[in-house]
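Participant: Spelled out, the chains give:
There are 4 protein chains.
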Amino acid sequence: MRADARRNRELIVTTAADLFVERGPEVSMEEIARAAGVGVGTLYRHFPDRRALVEAISVDALQRLLDYGRAVSEQDVSGWEALRLIVRRCTELPLALATSVTGGSALPGRAELPGLVQAVNAELEWAAARAQREGTLRRDIPAREVIALISVAVCRPGARIDDPLVRVVFDGLRATGA
Amino acid sequence: MRADARRNRELIVTTAADLFVERGPEVSMEEIARAAGVGVGTLYRHFPDRRALVEAISVDALQRLLDYGRAVSEQDVSGWEALRLIVRRCTELPLALATSVTGGSALPGRAELPGLVQAVNAELEWAAARAQREGTLRRDIPAREVIALISVAVCRPGARIDDPLVRVVFDGLRATGA
Amino acid sequence: MRADARRNRELIVTTAADLFVERGPEVSMEEIARAAGVGVGTLYRHFPDRRALVEAISVDALQRLLDYGRAVSEQDVSGWEALRLIVRRCTELPLALATSVTGGSALPGRAELPGLVQAVNAELEWAAARAQREGTLRRDIPAREVIALISVAVCRPGARIDDPLVRVVFDGLRATGA
Amino acid sequence: MRADARRNRELIVTTAADLFVERGPEVSMEEIARAAGVGVGTLYRHFPDRRALVEAISVDALQRLLDYGRAVSEQDVSGWEALRLIVRRCTELPLALATSVTGGSALPGRAELPGLVQAVNAELEWAAARAQREGTLRRDIPAREVIALISVAVCRPGARIDDPLVRVVFDGLRATGA
DNA sequence: CATGAATGAGTCTTCATTCAT
DNA sequence: CATGAATGAAGACTCATTCAT
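Chains as they are written, first to last, in UniProt numbering: chain A, 1 to 178; chain B, 1 to 178; chain C, 1 to 178; chain D, 1 to 178.
There may be inaccurate statements among the hints.
If we take Cβ atoms under 10 Å as the criterion, some of the chain D residues that face chain C in the derived model are [to be verified]:
(1) Q118
(2) A122
(3) V146
(4) V152
(5) D163
(6) L165
(7) R174
None of these hints come from the bench; they were simulated from the model.
Idealized CB from N, CA, C, for every residue including glycine.
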């Protein structure tokens, strides 16, 4: 893929993500193209249809999250702190969108999405398991459920790391002895 | 209002609420009408446009919730229990929808909505305040914030009273001494 | 026909005529009914469909014009003056409407309209012919054409007897010697 | 603007004008598109809504009239003859439509219409003033009113240069000495 | 017999997608 | 290869007309 084509692709994905966040899920393809400074034709050259674009946004966001998560894991931070860091990053990415897409059925032949979701979850579960071993995270909820829970709390449009909801969720997850 | 008209109106509101919950916010008016067994014209006679219909659904749900909340308050239950009961009822009503509407600007001249939201909130705050006095609910979060928090947790599409999220929220709200 | 029914009918016809003049030809049947203070059902009881109503307005207006024209003819006024009087009356009646209807095809089985148009024309032609004999109206245009001309000048929406157009038409029709 | 787009635009404007003249102001957009041999989408790409289309027709007609009027003025014809020529051209253009539009309020930001009307009127007034100086047009009516008058006579649906109405108007405007 | 609720065909308009330039 | 014009299916909404109350 040529350098300019790659740049266009990037540009479209990030522009579209921003537009979806700012103006809801009904932005038109035309508008996305205009905001990205390209013609619709170009948009469709990169993404055969709307779903492909939305999926690309998700893949992009999940990829960034995964990169970040792995970087964090290589750092020397506690499991609990890792969870918090990753969750903060979640709120900075268009993951509400990603989630709504994940909820739907993935396009056949485009299997990146489930794999990425899997990988991100693995990263989070590992952090959660560590935190449980460290005694900071409740042990009566399986790590898998902890993650599901955090996902719900964080993958809402407009979620922020210091939302009352997110704060209380972390309080609720804190091991009672801690 | 004639008896058959009232019946149709009810029918439309409940059918539409169900459809919105099942199939998302983009169901077409035509489809709603068909599901309710009436013509589009009838739909539009009762609700001048889509927004009016959605608003009516919210008003209806909030009204039911308020009725229930007041009935609960007259019962001899603890504040904590009242909270749980009201919250359970929330999950049975299309309040995710209601909330998304409340977020938008109310239609001019149709001031029921803010009033209802107010009234429901008052009911919930009263239960929360009682629970704080009873020593079962954390006192370091103002009752008002507790409600905001619960609203966020409960007014998601598909929320259930025994969701992990809702369970953890309640755990997080429990007074540490309790 | 009962007295109240006749009164309703009258009411509807005049109300509708006013509305058509004020707000153009697209007023809805519902609105006409509301303005007349009756239900749509009543409106439809009197007029099987929209065309019938519009036709009734025309018949009504032409009938009034004919009555007036005959009254004028029985008076002792000159042909020229008669023309002016009748024309003034035209501008007070919703004849622009009437004309647009006449232009269309009359409803089968409702032959009043052509007859009335005929009768009114006859009255006008007679006045014109008298004016020609009196030497006040140009003789080089057949009376029939004079009438056609006046009709065009007068049966416009918003026509008034002292419009520049109408004034010049009368000037142009004046016998040069007069 | 691409060549094919311009061609389509032209095609739509003229087709629509014809249809409006032939079948009245209620022709559907669908029908206009079909008659022009394009899809509705194309129609709407060129004209964001019905009003814009009607306005474009008017602008188009007035522009042609203005071009013609200026060409006539550069010819060596008398004021009276210029008036007649311009008026004949009026009857060949969909100016009845144009006029009905002019009557309504112009779209904000689309100020061509008032300007064009102004320009055409200026052209006509200049011809009228010349005719008055030449002694062929009555001097007791201000040129401006003469134009208003001619406009009324000519901007009717179906007006023709040799209508009795138009003929008599010109007769009525002729200076009595001429 | 009046009323106004119900009906549904028809209108305007939008937008994902295709295709000529 | 980018562009943006063309397409038409689909949705929101209106209104003449019918029919239950």
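Participant: With reference to the structure, classify each hint as holding or not holding.
Facilitator: Do the hints match the structure? See the list:
The interface hint given for Q118 (chain D) is violated, since its Cβ lies 20 Å from the closest Cβ of chain C, which is over the 10 Å cut-off. Checking A122 (chain D) against chain C by beta carbon gives a least distance of about 19 Å; that is not within 10 Å, so the hint is violated. Satisfaction of the interface hint for V146 (chain D) is found here, the shortest Cβ-Cβ separation to chain C being roughly 8 Å, below the 10 Å cut-off. A least Cβ separation of about 4 Å between V152 (chain D) and chain C falls short of the 10 Å threshold, and the interface hint therefore holds.
With 10 Å as the threshold, the beta carbon of D163 (chain D) comes within range of chain C, its nearest partner Cβ sitting at about 7 Å, so the hint holds. Nearest Cβ of chain C to the Cβ of L165 (chain D): about 4 Å, under the 10 Å cut. The hint holds. With 10 Å as the threshold, the beta carbon of R174 (chain D) comes within range of chain C, its nearest partner Cβ sitting at about 8 Å, so the hint holds.
Against the hints set out earlier in the document, violations occur for numbers 1 and 2.
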